[in-house]
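Sequence lines, in order, name chains U and E. Position 153 (the first sequence) corresponds to 153 in the UniProt record's numbering; numbering is contiguous. Position 23 (the second sequence) corresponds to 23 in the UniProt record's numbering; numbering is contiguous.
No wet-lab data here; the hints were simulated from the structure. Please read all numbers here as calculations on a predicted model, not as lab measurements. Beta carbons: idealized from backbone N, C-alpha and C, even for Gly. One thing to keep in mind: the hints can contain errors.
To be verified - Here are the simulated SDA-like cross-link-like pairs (lysine to any residue), alpha carbons at most 25 Å apart as the crow flies:
# : chain 1 : residue 1 : chain 2 : residue 2
1 : U       : 13        : E       : 123
2 : U       : 389       : U       : 120
3 : U       : 347       : E       : 22
4 : E       : 123       : U       : 359
5 : U       : 275       : E       : 186
6 : U       : 446       : U       : 262
Claimed, not checked - Facing chain E, according to a computed beta carbon distance under 8 Å, are these residues of chain U, among others:
#  : residue
7  : 108
8  : 110
9  : 348
10 : 356
11 : 371
12 : 447
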Amino acid sequence: MDDLNVKNQPALKQFVPTPPRPPRKSERGILGTIRHRCFNSIGNSLLTLCVATVLFYLVKHVLDWAVFNAVFIADNRRQCMDISPDGACWAGVISWFNGLIYGRFPVDEQWRVNIGVLLGLVWLLPLMSKRIALRNFILLSWIGLYPFVGAYLFLGGRFGEELGLVHGAMTCLALAFLTIIYANWILSVLGKKGLNELFVPLVSRLVERRIHLLSFVAVWLLVALVIALGLSQVSLEPVPIERWGGLFLTFIIAGFAITMAIPVGVILALGRRSKLPVIHWLSMTVIELVRSVPLITVLFMAVTLLPIFLPADMEFNKLTQVLVAVCLFAGAYMAENIRGGLQAIPKGQYEAAATLGLGYLHTMVLIILPQALRMMIPNIMTSFISLLKDTTLVSIIGLFDIMLMARNIANDKDWVGMHTEPLVMISVLFFILCYSMSQYSLNLEKRLKVDR
Amino acid sequence: MTTSSGNLAQKSVTETAIKIDNLNKWYGDHHVLKDVSLDISEGEIMVVCGPSGSGKSTLIRSLNHLEEYQEGVVSVFGQPLSRDRQSHKIIHQTMGMVFQNFNLFPHLTVLQNCTLGLTWLRKMSERDADKMVMRLLDRVGIAHLATRYPGQLSGGQQQRVAISRSLAMEPKIMLFDEPTSALDPEMVKEVLDVMIDLAKTGMTMVCVTHEMQFARQVADRVVFMADGEIIEVGPPEQVLVNPQWDRTREFLQHVL
């Protein structure tokens, strides 16, 4: 075929693409950029100078107050004033630092808070490794099991007595799960089979189906039993919830709100899009009611109204009520975010899933929600950040979170009237937390965008 | 191709695959399908053509209940379909569909797109599903793209993935809803080649398409629709070369 064409037609000219050439570089180096951007005309030069002057004075005053004229070592506010009247008195913040972080948690027991928070982070660490199979289960286990470990560590008491046997059993299961995750991680690095495969030969003799699942359960229960035997010998000093506080409490409330926001939001969002009228109207009522009321009101309602509706013998502590309220509040906002994402999914995706034979649950979990959540990452992260900041409102109903602790400093007889420094310190702390969250979301977006 | 449902395999070869009986559909007051009746035999390649708005897509989408219809019956291998679970099962076990806009799942790789139904619905092991899908991808010439995401592929490649995704579920009937209309001209051929190959395997196919060349080459029968009605049905040489109706001739003059 090709030969024929060549013979019958006159020889064609051969096309050679023009070689690419690099673009012109007009501004090189930092100096060049500055000259080109900031001093390219008389007006711009003046503007640059003005802005630079203002910036210089601003930075200088802030640094003078916060660093150069500040007092870091003093016994009380009077001493601070004597040493340097127009500098910050960080000595007060430093002496109250422990309170800001742990609230009124007994000093001798604060290691439990450290370990608890550390365990929570350690649990999530394997998510970073690509070696581990079923990483989604780690996240689910964190949501479902970690709270038991946390509560056990923070509340204390004799194992299985103050908190009940069910709680004790869940704590052991949770710790066993964590052990298996790490054991599997180490074993997979060494190139060996996971711990959960230990009983496969034994189980495969007894049953024919679900061998791997049953083997995993057997190993899990065994490890949990060992941990239970160990824990039953330990007795932790009980710490009542009223003594929790500071940044620690803020983390608990915000962490709970953030982890529960997505599941609650997904359920509410799907409910609102449901074709069944009862579910649709119920979800819509919850969303609209909670969204159109300020968070403070929701908190007050949870603390004062909820006990009236519940049977008299059901008594919740203040923290539980607050957690329920914050969770509902976060969920209602998240529901609208997620609904936005759901609406952006083209109809063709539903149709393609339907022609493959996927049912409602499969379609949502495998096809629609992963795309909707991914699309909504910036909005979801914005909600998370505002949630973290909003949790400081619980100080109004008397939980000793970081905000109330900070205001308490001003009531301390040694540091009477010291408002500015603690608030500045909290601002810096929250900025660091929120900024790292927003950076993480940018990073997440970039990573997930690769596949588009 | 073998199928998992036993009662279908026992039937004879010349059996009717799809029987459409007096189908009527309205969008509000707009009558989009008017008394459409059609029999499609097993192994038959049926091409549906006609001007836009003639109800071709609605017809093909009614076959697997993506569109609801108000009157009439569609039967698949003798089983009349309704809205119950049993019908849904029959539809998903016998029919696959390829869309104009591919409708691949953008968050999954090519391989995951195709194995999704096998692992989650057929409960096939991941290794078996991968093996089977890789064979299919190889058949349509895109095995080397298995780990890519749909967004990284050309339109023609995406449509071939979509075809493999449907074939992975081992359907007895394939429905094509304008599979080449969203493609750049230079990519039409690669998709049509896959469809021609598929036709040679004896698959029952219903294609809504404007590719008259394809219709002439592989179709057993061509259906010409206009204004929600079937005007002509017959072998391609009859309908496309020697149409009996003025409406058909007018359409053919525009497309050919």
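Here's how the hints hold up against the structure:
1. U/13 with E/123: violated (58 Å)
2. U/389 with U/120: holds (21 Å)
3. U/347 with E/22: violated (28 Å)
4. E/123 with U/359: With Cα atoms ~14 Å apart, residue 123 of chain E and residue 359 of chain U stay inside 25 Å; holds.
5. U/275 with E/186: violated (43 Å)
6. U/446 with U/262: holds (21 Å)
7. 108: violated (50 Å)
8. 110: Violated. Min distance 44 Å.
9. 348: Given a least distance of 4 Å, the restraint on residue 348 of chain U holds.
10. 356: holds (4 Å)
11. 371: holds (5 Å)
12. 447: Check failed: Cβ of residue 447 of chain U comes no nearer than 13 Å to chain E, outside 8 Å.
This entry does not satisfy hints 1, 3, 5, 7, 8, 12, going by the numbered hints stated previously.
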